[in-house]
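Visitor: Take these sequences, add in the hints, and give me the full structure.
Everything in the sequence shown is counted per this note's numbering, starting at 65 for the first residue and increasing by one.
Among these hints, one or two may not hold up.
Stated by the list, open to error - Straight-line Cα separation of at most 25 angstroms, SDA-like style, residue types lysine to any residue; simulated pairs:
no.	residue 1	residue 2
1	Lys132	Ser98
2	Lys132	Ala92
3	Lys230	Asp313
4	Lys132	Ser80
5	Lys244	Asp88
6	Lys230	Ile321
7	Lys166	Ala205
8	Lys333	Val297
9	Lys166	His84
10	Lys333	Ile270
11	Lys244	Arg94
12	Lys230	Ser332
13	Lys230	Arg319
14	Lys244	Cys368
15	Lys230	Asn327
16	Lys230	Leu75
17	Lys244	Asn223
18	Lys333	Thr133
19	Lys230	Phe76
20	Lys230	Leu188
21	Lys184	Met343
22	Lys230	Asp322
23	Lys184	Leu75
24	Lys333	Met274
25	Lys132	His189
26	Lys230	Trp329
27	Lys244	Arg73
28	Lys132	Arg99
29	Lys230	Pro323
30	Lys230	Pro254
31	Lys184	Ala197
32	Lys166	Leu81
33	Lys132	Ser103
34	Lys166	His189
35	Lys166	Thr133
36	Lys166	Arg185
37	Lys333	Ala196
Said to hold, decoys possible - Label-pair ranges, simulated between beta-carbon atoms:
no.	residue 1	residue 2	range
38	Gly281	Glu318	44 to 52 angstroms
39	His298	Leu372	17 to 25 angstroms
40	Ile102	Cys325	32 to 40 angstroms
These are computed hints drawn from the structure, not numbers from a lab. Quick reminder that beta carbons are idealized off the backbone N, C-alpha and C, glycines included.
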Amino acid sequence: MMSHAFSSRALFDQESLIQHYADDLMTAVRELGSRGPISLVEVFNWTTFDVLGELAFGEPFGSLANRKTSSWIAIILDSIKFNAVREGGLKHALESKDKVLKRAAREPKRQDFVSYILVKRDELHITDWDLAAHANALIVAGSETSATVLSGLHYYLLNTPDAYSKLREEVRSRFNTVEKVDARSAASLPYLTACIEEAFRIYPPIPIAMPRITPMGGCMVAGHYVPGTTVGVHMWSVTHNPRHFADPDTFRPERWIDPECSNHWDASKPFLLGPRMCMGVNMACIEIRVLMAKMTLLFDMEICDNDLNWERDQ
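Guide: Right, dumping it as structure tokens:
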């Protein structure tokens, strides 16, 4: 049902939307940065939530425009914390239902995720709560995760001056104006791609083991017989295992482009594998590449809080 929302044609439309909010982000960073230190975690969340708001509900949350976290985003962020899942999740579900029904009642300015669901609504007997559940899942899966990767990548780059210098040199030698930055050209930058891959490896944005159900008759998993039950692997444990990646706690983008490197790159699967892998992988990559390229092209940054530790403080 949702596969058409992530087709090549749909991704083309989504990139224009991402470009719009990427430019809004650059304006916000320039404005807020002129006043003093800014929280990249906050402004990246504003951006990714506004993009997903447009795609899921036909309108943004308004955080970038208002330069502050909307009350609904605060509810969503609260709902994904384990100690507040129940209360925050209920508030988010109710807000999602209200928003998605308003969206379903009007014609959108562009094709969004809800457009593809509505086409199948009668055929698949999709209820109002089903609509809300789909929108809810899209918002949570596609916003905070991308913002986390962008924030973590900046943290590690700013704490690894050589890597940050290499990335700036690559981006600034490729683009002379921000208008020339698009997903295709950004994807052609090997060091930028390596930095993004390393960010996903060293700090996977999904904090839990994604569940998979073994067959009723059981199966062998890593040499152990496991009867029909739910299993999962924490991606952080895999990507920080020295059997897969040498010196795993060190941010080293070169490991992804050095032909002599013997790391097991396939061990890092932030979007999972198989038929249940994340459908939004291509959209997420477009968003992260475009935002990273534009931020690197336009700004020279440094960490203001030297006591900040990304793994400890997240």
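Visitor: All the hints need checking, so say for each whether the structure fits it.
Guide: Evaluated hints:
Taking the CA atoms of lysine 132 and serine 98, the gap is near 16 angstroms; set against the 25 angstroms cutoff, the hint holds. Distance hint between lysine 132 and alanine 92 is fulfilled; the C-alpha atoms sit about 11 angstroms from each other, no more than 25 angstroms. Restraint check: the Cα-Cα separation between lysine 230 and aspartate 313 comes to about 20 angstroms, which is no more than 25 angstroms; the hinted pair holds. Taking the CA atoms of lysine 132 and serine 80, the gap is near 23 angstroms; set against the 25 angstroms cutoff, the hint holds.
Annotation: proposed proximity of lysine 244 to aspartate 88 holds, straight-line Cα distance about 16 angstroms (limit 25 angstroms). Distance restraint check for lysine 230 and isoleucine 321: the Cα-Cα separation of roughly 13 angstroms lies within the 25 angstroms cut-off, and the hinted pair is therefore satisfied. For the suggested pair lysine 166 and alanine 205, the alpha carbons sit about 22 angstroms apart, so the restraint of at most 25 angstroms is met. Pair hint lysine 333 plus valine 297 holds up; C-alpha atoms about 11 angstroms apart against a cutoff of 25 angstroms.
The suggested pairing of lysine 166 with histidine 84 holds, with an alpha-carbon distance near 23 angstroms, which does not exceed 25 angstroms. Distance hint between lysine 333 and isoleucine 270 is fulfilled; the C-alpha atoms sit about 11 angstroms from each other, no more than 25 angstroms. Between lysine 244 and arginine 94, the direct Cα distance comes to roughly 19 angstroms. Compliance with the 25 angstroms bound is thereby established for this hinted pair. Among the hinted pairs, lysine 230 with serine 332 is consistent with the structure: their alpha-carbon atoms are about 23 angstroms apart, no more than 25 angstroms.
Between the alpha carbons of lysine 230 and arginine 319 the distance comes to roughly 14 angstroms, so the proposed pair stays at or under 25 angstroms and holds. Distance check on the hinted pair: lysine 244 and cysteine 368 sit about 30 angstroms apart at the alpha-carbon level, beyond 25 angstroms; violated. Between lysine 230 and asparagine 327 the alpha-carbon distance is near 21 angstroms, which keeps this suggested pair within the 25 angstroms criterion. As the CA atoms of lysine 230 and leucine 75 are separated by approximately 29 angstroms, the hinted pair breaks the 25 angstroms bound.
In summary, the hint linking lysine 244 to asparagine 223 is not supported, as the alpha carbons are separated by about 28 angstroms, beyond the 25 angstroms threshold. Taken as a hint, the lysine 333 and threonine 133 pair is broken in the structure, with Cα atoms around 30 angstroms apart against an allowance of 25 angstroms. Taking the CA atoms of lysine 230 and phenylalanine 76, the gap is near 29 angstroms; set against the 25 angstroms cutoff, the hint is violated. Annotation: proposed proximity of lysine 230 to leucine 188 is violated, straight-line Cα distance about 51 angstroms (limit 25 angstroms).
Under the criterion of a C-alpha separation no larger than 25 angstroms, the hint pairing lysine 184 with methionine 343 is consistent with the structure, at around 18 angstroms. Between lysine 230 and aspartate 322 the alpha-carbon distance is near 15 angstroms, which keeps this suggested pair within the 25 angstroms criterion. For the proposed pair lysine 184 and leucine 75, the alpha carbon gap of about 20 angstroms is at most 25 angstroms, so the pair holds. Restraint check: the Cα-Cα separation between lysine 333 and methionine 274 comes to about 12 angstroms, which is no more than 25 angstroms; the hinted pair holds.
With a C-alpha separation of about 38 angstroms, the suggested pairing of lysine 132 with histidine 189 is violated against the 25 angstroms cut-off. Between lysine 230 and tryptophan 329 the CA atoms are separated by roughly 21 angstroms; this keeps the pair inside 25 angstroms, and the hint holds. Using a Cα cut-off of 25 angstroms, the hinted pair lysine 244 and arginine 73 holds, with the two alpha carbons roughly 21 angstroms apart. Pair hint lysine 132 plus arginine 99 holds up; C-alpha atoms about 15 angstroms apart against a cutoff of 25 angstroms.
Note on lysine 230 and proline 323: the hinted pairing holds, with a Cα-Cα distance of about 18 angstroms set against a maximum of 25 angstroms. Restraint check for lysine 230 and proline 254: the C-alpha separation of about 11 angstroms stays at or below 25 angstroms, so the hint holds. Proposed proximity of lysine 184 and alanine 197 is supported: the alpha carbons are some 15 angstroms apart, at most 25 angstroms. Restraint check: the Cα-Cα separation between lysine 166 and leucine 81 comes to about 21 angstroms, which is no more than 25 angstroms; the hinted pair holds.
Between the alpha carbons of lysine 132 and serine 103 the distance comes to roughly 11 angstroms, so the proposed pair stays at or under 25 angstroms and holds. Pair hint lysine 166 plus histidine 189 holds up; C-alpha atoms about 19 angstroms apart against a cutoff of 25 angstroms. With a CA separation close to 22 angstroms, the supplied pair lysine 166 and threonine 133 stays within the 25 angstroms bound. For the suggested pair lysine 166 and arginine 185, the alpha carbons sit about 15 angstroms apart, so the restraint of at most 25 angstroms is met.
Straight-line distance between C-alpha atoms of lysine 333 and alanine 196 comes to about 28 angstroms, which puts the hinted pair past the 25 angstroms bound. For the pair glycine 281 and glutamate 318, the beta carbons lie near 45 angstroms from each other, so the given range of 44 to 52 angstroms is met. The beta-carbon spacing between histidine 298 and leucine 372, approximately 24 angstroms, falls within the hinted interval of 17 to 25 angstroms. One distance hint, 32 to 40 angstroms for the beta-carbon pair isoleucine 102 and cysteine 325, holds here, with the actual separation near 35 angstroms.
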